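Participant: Here the protein sequences line up with chains A and B, keeping their order. Residue numbers for the first sequence follow our numbering, beginning at 2 and rising by one. Residue numbers for the second sequence follow our numbering, beginning at 6 and rising by one.
Keep in mind that the hints are not guaranteed to be accurate.
Facing chain A, a subset of chain B residues (Cβ under 8 Å, in silico) [stated by the list, open to error]:
| # | residue |
| --- | --- |
| 1 | I84 |
| 2 | V151 |
| 3 | R152 |
| 4 | D154 |
| 5 | V170 |
| 6 | P260 |
| 7 | E264 |
| 8 | S324 |
| 9 | Y327 |
| 10 | G436 |
For the record, the hints were derived by calculation from the structure and aren't laboratory data. These numbers come from a predicted model, not from an experiment. By construction, the Cβ of each residue, glycine as well, lies at the ideal position given by its N, Cα and C atoms.
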Amino acid sequence: MNTAGTAVFILFSYWMTAIVRTDMLFRGQELSLFQFSSSFFADKMTQPAGFLEYAGRFLTQFFYYPWLGGLIFTGMLCLLAWMVYKAFGIDKNNALVSFLPSAALLLFVTQFDYTIYIIKHSEIFYSHILGTMAALIPVWLCRNKNNKFCIATIVLYIIAGYPLFGFYSLLGTIIAAVRGKNTAVTATSIIAAATVPLAYHCIYHDCALKFMYIYGFPFRALGTSVYLWIPLFADYLFIILLPALRGRLGVNVLRISQKAAIPLCIALVLTFSYRDSSFRKQLAIERAIHNGNWNKVLEISSVPCKEQSRLICLYRNIALFQKGVLLDEMFKYPYETSSTLNTKNKRATYTEIGSTIIPFYYGLANNCYRWNMESLVNNGACVSYYKNMLLCSVLSGERQLSQRYARQLSSTLFYKKWADRYIAYAFDGKLFAKDKTLNKVKALNTFDNVLGEDDVTMESTILFHYLETEPESLAQIEMSMGIALITKSNSDFWYCFEKYANNAAVLPRHVQEAALMFGMFQDFDMEQIERMCNRDVIKRFEQFTDLVREYGNTGMSQEKVGRIAEKNFGDTYWYYYQFVNGEITN
Amino acid sequence: MRVFAGKILGILFGIAAGWLCSCTADVPADAQLSKDKALIYPDYSRITVPYNIAPLNFYIDMRADRYIVCIEGQDNSRIVIKGPEIKIDPDKWKKLLANNKGKSYTVTVYLLQNGKWKALAPFTNSISDYPVDTYLSYRLIEPGYVRYDRLWLVQRDLTSFKEHVIYNNLQDYKANEMQCINCHSFQNYKTDNMQFHARAYKGGTIIVSNGKPEKINIKTDSLPGAGQYPAWHPTKQLIAYSVNRTRQLFHSIDPQKVEVMDSESDLVLYNIENNHVQIIRNDSDELETYPSWSPDGKWLYYSTAHIKTNGQNAPDFFSEHYKDIKYNINRIPFNGDSLTFGAAQTIVNAASNGKSALLPRISPDGKWLLYSLADYGTFHIWHKSSDLYVKNLDNGNEYELDNANSPDSESYHSWSSNGRWIVFTSRRDDGSYSRLYLAYFSPQGEVSKAFVIPQEKPLHNAFFMKSYNIPEFTVEPVTVSLRQFSKAIRKDAKQAVHESR
Numbered sequence: 002m003n004t005a006g007t008a009v010f011i012l013f014s015y016w017m018t019a020i021v022r023t024d025m026l027f028r029g030q031e032l033s034l035f036q037f038s039s040s041f042f043a044d045k046m047t048q049p050a051g052f053l054e055y056a057g058r059f060l061t062q063f064f065y066y067p068w069l070g071g072l073i074f075t076g077m078l079c080l081l082a083w084m085v086y087k088a089f090g091i092d093k094n095n096a097l098v099s100f101l102p103s104a105a106l107l108l109f110v111t112q113f114d115y116t117i118y119i120i121k122h123s124e125i126f127y128s129h130i131l132g133t134m135a136a137l138i139p140v141w142l143c144r145n146k147n148n149k150f151c152i153a154t155i156v157l158y159i160i161a162g163y164p165l166f167g168f169y170s171l172l173g174t175i176i177a178a179v180r181g182k183n184t185a186v187t188a189t190s191i192i193a194a195a196t197v198p199l200a201y202h203c204i205y206h207d208c209a210l211k212f213m214y215i216y217g218f219p220f221r222a223l224g225t226s227v228y229l230w231i232p233l234f235a236d237y238l239f240i241i242l243l244p245a246l247r248g249r250l251g252v253n254v255l256r257i258s259q260k261a262a263i264p265l266c267i268a269l270v271l272t273f274s275y276r277d278s279s280f281r282k283q284l285a286i287e288r289a290i291h292n293g294n295w296n297k298v299l300e301i302s303s304v305p306c307k308e309q310s311r312l313i314c315l316y317r318n319i320a321l322f323q324k325g326v327l328l329d330e331m332f333k334y335p336y337e338t339s340s341t342l343n344t345k346n347k348r349a350t351y352t353e354i355g356s357t358i359i360p361f362y363y364g365l366a367n368n369c370y371r372w373n374m375e376s377l378v379n380n381g382a383c384v385s386y387y388k389n390m391l392l393c394s395v396l397s398g399e400r401q402l403s404q405r406y407a408r409q410l411s412s413t414l415f416y417k418k419w420a421d422r423y424i425a426y427a428f429d430g431k432l433f434a435k436d437k438t439l440n441k442v443k444a445l446n447t448f449d450n451v452l453g454e455d456d457v458t459m460e461s462t463i464l465f466h467y468l469e470t471e472p473e474s475l476a477q478i479e480m481s482m483g484i485a486l487i488t489k490s491n492s493d494f495w496y497c498f499e500k501y502a503n504n505a506a507v508l509p510r511h512v513q514e515a516a517l518m519f520g521m522f523q524d525f526d527m528e529q530i531e532r533m534c535n536r537d538v539i540k541r542f543e544q545f546t547d548l549v550r551e552y553g554n555t556g557m558s559q560e561k562v563g564r565i566a567e568k569n570f571g572d573t574y575w576y577y578y579q580f581v582n583g584e585i586t587n
Numbered sequence: 006m007r008v009f010a011g012k013i014l015g016i017l018f019g020i021a022a023g024w025l026c027s028c029t030a031d032v033p034a035d036a037q038l039s040k041d042k043a044l045i046y047p048d049y050s051r052i053t054v055p056y057n058i059a060p061l062n063f064y065i066d067m068r069a070d071r072y073i074v075c076i077e078g079q080d081n082s083r084i085v086i087k088g089p090e091i092k093i094d095p096d097k098w099k100k101l102l103a104n105n106k107g108k109s110y111t112v113t114v115y116l117l118q119n120g121k122w123k124a125l126a127p128f129t130n131s132i133s134d135y136p137v138d139t140y141l142s143y144r145l146i147e148p149g150y151v152r153y154d155r156l157w158l159v160q161r162d163l164t165s166f167k168e169h170v171i172y173n174n175l176q177d178y179k180a181n182e183m184q185c186i187n188c189h190s191f192q193n194y195k196t197d198n199m200q201f202h203a204r205a206y207k208g209g210t211i212i213v214s215n216g217k218p219e220k221i222n223i224k225t226d227s228l229p230g231a232g233q234y235p236a237w238h239p240t241k242q243l244i245a246y247s248v249n250r251t252r253q254l255f256h257s258i259d260p261q262k263v264e265v266m267d268s269e270s271d272l273v274l275y276n277i278e279n280n281h282v283q284i285i286r287n288d289s290d291e292l293e294t295y296p297s298w299s300p301d302g303k304w305l306y307y308s309t310a311h312i313k314t315n316g317q318n319a320p321d322f323f324s325e326h327y328k329d330i331k332y333n334i335n336r337i338p339f340n341g342d343s344l345t346f347g348a349a350q351t352i353v354n355a356a357s358n359g360k361s362a363l364l365p366r367i368s369p370d371g372k373w374l375l376y377s378l379a380d381y382g383t384f385h386i387w388h389k390s391s392d393l394y395v396k397n398l399d400n401g402n403e404y405e406l407d408n409a410n411s412p413d414s415e416s417y418h419s420w421s422s423n424g425r426w427i428v429f430t431s432r433r434d435d436g437s438y439s440r441l442y443l444a445y446f447s448p449q450g451e452v453s454k455a456f457v458i459p460q461e462k463p464l465h466n467a468f469f470m471k472s473y474n475i476p477e478f479t480v481e482p483v484t485v486s487l488r489q490f491s492k493a494i495r496k497d498a499k500q501a502v503h504e505s506r
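Generate the whole structure from the sequences, applying the supplied hints.
Facilitator: This is the structure:
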């Protein structure tokens, strides 16, 4: 194969995965699960293509180290290209054409959007690469062999291969049929592909007849995101058509194809890959949360991006709370958010994606546990849900339940240590007390029980909880105050203000800002309020009111005034209150 | 394919087990006696077991360099196994139980620690003369809230580890819509007449009558919902159902997490022969649910709560007063010729004691009423205060079955056909994942310590991530095949006809 072309593809693939999508790979393995146990294997083998699921999950776990996962992923793409090259007997001079299926499967992964959070089959990073390889087996074995050998090979292949590779074994048989220069081979292939799945339906208990031909294809995995199938179809079309076209295309066309192959691969992947800076930011934040690095969360949050996801605001506020500066800094960061996530997948909502993590850090362990369970039921078990459920159980003091999740994580390759650390907290209060993060969460997780209905969105659940719950500890007052500021509720603000003023030595900056503004609105005794505020805050407030008054009197639109105010007051509560629309989630 | 994969694994395990068994263990002669108790999982110590139960495999949850277990019958027959995972040879186990029926066997755990063998304090288990029914059906489901995905109705052979799938919702579904399957029920421990519900996609009630499955839509315009909790009449082709308007609410911090409640529930009778459904009880101030027949079919027992909403809208009333909803157990006489019911009698007045009694189940001899009692509400499977109680219907004595209960929820209980065994679900392991527990019930009404139904892999219950629920005994296997059920479900449901009386 062409060394330079191959090297370019390797570098490009590695760059697109391990470098550009390093956080997506990490999240991908968290949203997957592979366990070293016979029951895990048996469970995966209950449907056709079970081996692809098993092997795909096995390989996915190495995304834990994205540099390693990216290397393995790129290696698999190259192996696939080599198999295409060998199986179809492609001329050395045209070898780079073999990379086209690999490019399609690279694109399949790089076009993943928020759908990744709700994928039912987390093995899909690899299962289609492995499946395509499996589909090449009969083509390869039958190359330059006599018809009897081909017929026997195809029959044996589909009988043995269907339980392992499902749909891909049928694809392999169909390619063999297309390539078959003999009617008997073609007929055998077609009959075998048509009948073997039906025969297996008598053996499998966990299969629907109508899906017997497509087990292994992600017909359930991607929900409504049918557009994500397109690269897969490109992959199938290529391996079906390549042998058919090869004989018909002239040498010149092939030479052009050879030269164009790698640039074409790169162009296709770059053009159709999913690009969303908010998505990347969110993934990076979630990885920082896994590492308990709240500074990193803030660092990532401070980078402006277009159409920012609302979840980023929530994560950022969690980090600010953890750092003890929520009420000093929460409005310093960008607050404008998009009302929906940038995806065509209707199931990928803020609530669906955020509620497995965010409510926990707001002290709503029951709610978070519930959403993890719902997601587990919907999307299948994964490391992320087990981690969250373990944390929720530890926080709620449910030792035996936390042990159950710790056992599950201990059966994985990379999460035993993590599980050991947190399960120890369930049994050793002193150890728990040393964990700053969990202690701050625990301080929020103490309140009177309320029996309630499902709120429509995760964020409204959090907001209502803090607006309706009597805050007692300083941590709760702080969070309730933050929520009162976000919801622009002056009555809740003053309620918390009274409690806060009695508990805290110094009023945080945003609290001072809000006190000055709400005090002015309500004709309160401003002298008394100003005594609790810093001079520079009072001075800036005067400047802000002057500015708004000045431009407001000119008849300038609210939006234009906002843009002017943002330059000097974009980091204040006044700006947020006047010019940023309220919380929006779905 | 579960079976297929299981067979392959079985062969591999068989080879491994054969190799292991070839290393025959001997009881250490020089072991020092210790007063320490053996910590084993599951806890199979000091229990009464049926003589036909599958091997009670267990795991020794203690640190040691080597482990040996000796199981010794009163006839001096012995089974010696190396640990820590104790998997008992089924043939030897069967023989030991058969030879010691009505007697007991003793288990001694030996540990090699610091180069010395130690014999832990042995424990003895009784072997009952009474067999347990061979088959136990249950549903496997995640302990979830609103959502569901893959569900299985399974029948377990309790004399071995064989599991047979009665039905699962993977037979027919849409990419984005699955079926919920629930509430399986059998007539008088036989399987020729049985039923379960399929909800959502191609939903309906699947009724097997004389071996033939058919899908029925029990809900008529006159009913608040479809038939829910079923009870087959012991001899007639009649099924009593509760029809419930159910909702779920969520606790913000209580570890019970979820509250399932009915805002409306009535009782109806479905006549399979003429496809008619008639109302049994629909008092607007009463929530009647969980019907259950007496073994002679002359009485219908059920749970009922008296409510007065005083004009408050139902959702608000129930979420505010959920702890005040207390169920009693009533019964009404039934005339099998005229299909009419008489006046209600209160059998367990739990509400007067501030409690809620659910799921009445009468023992096959008609003497005992088994029920679950908790502080409030209608869904005790999520109530940690839920415990099993029994009432002697001859003398009226009511008492708690201490040996069967735990600090967590006990619920969904059933009697074996000989009345000597009870099976129930319990969340005692971790408060969330329910497991099936079996306990011996003596003719005098005493219950022995409950134990979890045995599994081939001792640690199965620690790792298995589904809950078991609604255990029902039968004396024969379900003969309708999965494909037959699937075919019946794919067809349109036959609409039941409402009959006014």
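Participant: List in ascending order the numbers of the hints, as given earlier, that are violated by the structure.
Facilitator: 1
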